[in-house]
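2 protein chains.
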Amino acid sequence: MKKLINAPEAVVADALAGLAAAHPELSVDVERRFVHRAAHAATAGKVALVSGGGSGHEPLHAGFVGPGMLDAACAGEVFTSPVPDQMLAAAQATQAGAGVLFLVKNYTGDVLNFQMAAELLEDEGIESRSVLINDDVAVEDSLYTAGRRGTGATLFAEKIAGALAERGADLPSVAAMAARVNAESRSFGIALGPCTTPAAGRPGFELGEDEIELGIGIHGEPGRRRAPMAPAAELAEAAVDAICADLDFTGETIAMVNGMGASPLLELYVVYNEVDKALKSRGISIARNLVGNYVTSLDMPGFSVTLCRADGDLLELWDAPVRTPALRWGM
Amino acid sequence: MKKLINAPEAVVADALAGLAAAHPELSVDVERRFVHRAAHAATAGKVALVSGGGSGHEPLHAGFVGPGMLDAACAGEVFTSPVPDQMLAAAQATQAGAGVLFLVKNYTGDVLNFQMAAELLEDEGIESRSVLINDDVAVEDSLYTAGRRGTGATLFAEKIAGALAERGADLPSVAAMAARVNAESRSFGIALGPCTTPAAGRPGFELGEDEIELGIGIHGEPGRRRAPMAPAAELAEAAVDAICADLDFTGETIAMVNGMGASPLLELYVVYNEVDKALKSRGISIARNLVGNYVTSLDMPGFSVTLCRADGDLLELWDAPVRTPALRWGM
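Listed in order, the protein sequences are those of chains A and B. Per the numbering used here, the very first residue in the first sequence carries number 1; after that it's consecutive. Per the numbering used here, the very first residue in the second sequence carries number 1; after that it's consecutive.
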């Protein structure tokens, strides 16, 4: 295993220190492992959006902290949930009297820990809501998860609910918007190979020379089935087919072709072209899109597709200004 | 070899079609393989900035086409120079009476082809200048190159000269600025493993289990030497040392920690932290930075560091609004 790290046990703290050095507009608590906007006093009276999860999915979540999106993100160890104390500290640091919305990817550890954080927060008299993200259509239950896993829709919920919070909406409204984005979104991922965590030092699973995993999870957990490698057009069709079999996507969508960490951008654009064609053939149009590495799985080669049904107000919130390390427009 | 492609010979055209589908603000000539701003009439009287090179380095160059940066980019086959006809067509499509600046990475094929394009353009009565980018301190001559190779400074020159062109500066001024950025910039890259082109279907070189290549080129061409794998702090120090031994970096800089395609963002932030420390210990401060995949080598694991000495006016041009697929702020 060759990784750009100093030591497996130091990777999260070192990366957070690098994030702090690179982004003075963020305040990074390396000790307690959370990131929030440095200029937080400016958002008094605003609902605080707090997310987080295991590290190894960067830029998710810390790369989406900033005006128009998250207020804070907690970083767990690689592929491991953050602990309730981190979530509590992040919520305390960013809450401004209007309550806290926790955005939680559906993995058992994350769900339990965010629930405990919400209880601790309640003990301090701070109101919170939690919205569960469970957009991955691949499997119903999985390693680490009861129910569907949360993947690409997390970013969509963070962006769209974040924009609504920025406009001064109250906690129930912001929570309802995040839940709506989740309900309107579906994802499906395909791995061409495994990923290697720094702690394990060897690939998390094995695939044959000509084998892929359809429905892969973002930690490399098993999907629906293994299949022989196929052209990009067939892989895109498989992802779109799985997504559209699960929800009636008609009209306009926001579409993401997400790289899992080791697939070249050149290839992701090839996939996007095929996804666009597969959707067009179904009468579905892409109103907005993202192509790139947004919800990664360390060094996994492969991609995922996330679609969100988006009518007027969702698109308007999507287009609202955002300024984070990984997503930025309009400011 | 597993790649997200339909066929090796189709990858560039398919990726350009995907770029066109994803970015309606760009006009993509898939047949002649160049990309330019769709709303080009708006820039009449502006110096046209045209770059390009072999594919496989995305987002370079097409990902940097848009207001504030390039007017057009030509895409060659993977790791192969575009041909003069492409460059000519891109220049003709974007020139607006104020001449054309070609930004050329120093690889023999690119240099010869851009030179021929300039001659063809001159035959049509259109003035052009060419600025050679040769910032890589690793080796003096190399596979594909007489003299130093052009790498990360290309992006810096495209951004800074692009901002000056946007302000209406004339061709000699814009060319002088690009040359100045190149003169003020140095790069050094380190590979943890090889990359695989779709056409070859197998890695371009081999590295041992615990071996790295110091001074790697962006096509996998040899660097200075092979060495045992080392902690991120030592690798960052090696890159910074090579760069600072070549040019006296004092005061403020723009720094990029660039991923070569398959190194997780988590690790790139670990490297950034170490680069920041290595520079601070030399009295060098980072005024602006980029951390991510900007000048890639397909699926190569590893990173490069690019530094540019940047005083007031360079920083001001760096900060100017830009709106491209891969670099965007202020608009």
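Honestly, the hints are just simulated from the structure, not real lab data. Fair warning: this is a prediction, and the values are worked out from it, not measured in the lab. Cβ coordinates follow ideal geometry from the N, Cα and C atoms, glycine included. Be careful, since some hints might not be right.
What the hints assert, rightly or not - Here are some chain A residues the structure puts well away from chain B; computed CB gaps all over 12 Å:
| id | residue |
| --- | --- |
| 1 | K2 |
| 2 | Q115 |
| 3 | E140 |
| 4 | R167 |
| 5 | A200 |
| 6 | A230 |
| 7 | A255 |
| 8 | E267 |
| 9 | K277 |
| 10 | G302 |
| 11 | L315 |
| 12 | A326 |
To be verified - Taking lysine-lysine pairs in the DSSO-like style, the calculated list, with each CA pair at most 27 Å apart, reads:
| id | chain 1 | residue 1 | chain 2 | residue 2 |
| --- | --- | --- | --- | --- |
| 13 | B | K277 | A | K2 |
| 14 | B | K277 | A | K277 |
| 15 | A | K2 | B | K2 |
The hints, checked one at a time:
no.	hint	in the structure
1	K2	violated, 4 Å
2	Q115	holds, 26 Å
3	E140	holds, 27 Å
4	R167	holds, 21 Å
5	A200	holds, 14 Å
6	A230	violated, 10 Å
7	A255	violated, 9 Å
8	E267	violated, 4 Å
9	K277	violated, 8 Å
10	G302	violated, 8 Å
11	L315	holds, 15 Å
12	A326	violated, 8 Å
13	B:K277 to A:K2	holds, 22 Å
14	B:K277 to A:K277	violated, 47 Å
15	A:K2 to B:K2	holds, 21 Å
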